[in-house]
Each structure stands twice: as structure tokens, then as C-alpha cells.
Amino acid sequence: MCDSAFSGFKFANVFYSCLKFNLKQLALSNQLPKIIMSMH
Numbered sequence: 725m726c727d728s729a730f731s732g733f734k735f736a737n738v739f740y741s742c743l744k745f746n747l748k749q750l751a752l753s754n755q756l757p758k759i760i761m762s763m764h
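First residue of the sequence shown: 725, per my numbering; consecutive thereafter.
If you're looking for bench data, these hints aren't it; they were derived computationally from the structure. A couple of the hints might just be wrong.
[As the list claims (entries may be wrong)] Calculated lysine-lysine pairs in the DSSO-like style (CA-CA distance at most 27 Å, straight line):
1) LYS758 <-> LYS748
2) LYS748 <-> LYS734
3) LYS734 <-> LYS744
4) LYS758 <-> LYS744
[What the hints assert, rightly or not] Pairwise CB distance ranges (calculated):
5) PHE733 <-> MET763: 35 to 41 Å
6) ILE759 <-> PHE739: 15 to 21 Å
7) PRO757 <-> ASP727: 27 to 33 Å
8) MET763 <-> TYR740: 19 to 25 Å
In this text, a Cβ means the ideal position worked out from N, Cα and C, and glycines have one as well.
Based on the sequences and whatever the hints tell you, model everything.
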């Protein structure tokens, strides 16, 4: 039980780090405003 909970936490942590990195890349390439505008 403890083991699967830990691996789940590890996966969430990696996923979050990846997401943060991708958002940083988008902001650096100035694509974020365009994406936000196209979503509305």
C-alpha cells in the first residue's frame, strides 16, 4: 500500500516538474499570450 502511494507521488512530482518546465519554455518563446487568446 505504502509502496504504490509513493510511486504515485513520484509520478505526480515528475509530471509537475515537466509541466512547469514546459510552461517556462512557452513563456520564453512568447507563445503563451497567443495560446491564451486562442482559447477564449
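These are the hints, each one checked on the structure:
{"no.": "1", "hint": "LYS758 <-> LYS748", "result": "15 Å, holds"}
{"no.": "2", "hint": "LYS748 <-> LYS734", "result": "21 Å, holds"}
{"no.": "3", "hint": "LYS734 <-> LYS744", "result": "15 Å, holds"}
{"no.": "4", "hint": "LYS758 <-> LYS744", "result": "18 Å, holds"}
{"no.": "5", "hint": "PHE733 <-> MET763: 35 to 41 Å", "result": "30 Å, violated"}
{"no.": "6", "hint": "ILE759 <-> PHE739: 15 to 21 Å", "result": "20 Å, holds"}
{"no.": "7", "hint": "PRO757 <-> ASP727: 27 to 33 Å", "result": "43 Å, violated"}
{"no.": "8", "hint": "MET763 <-> TYR740: 19 to 25 Å", "result": "21 Å, holds"}
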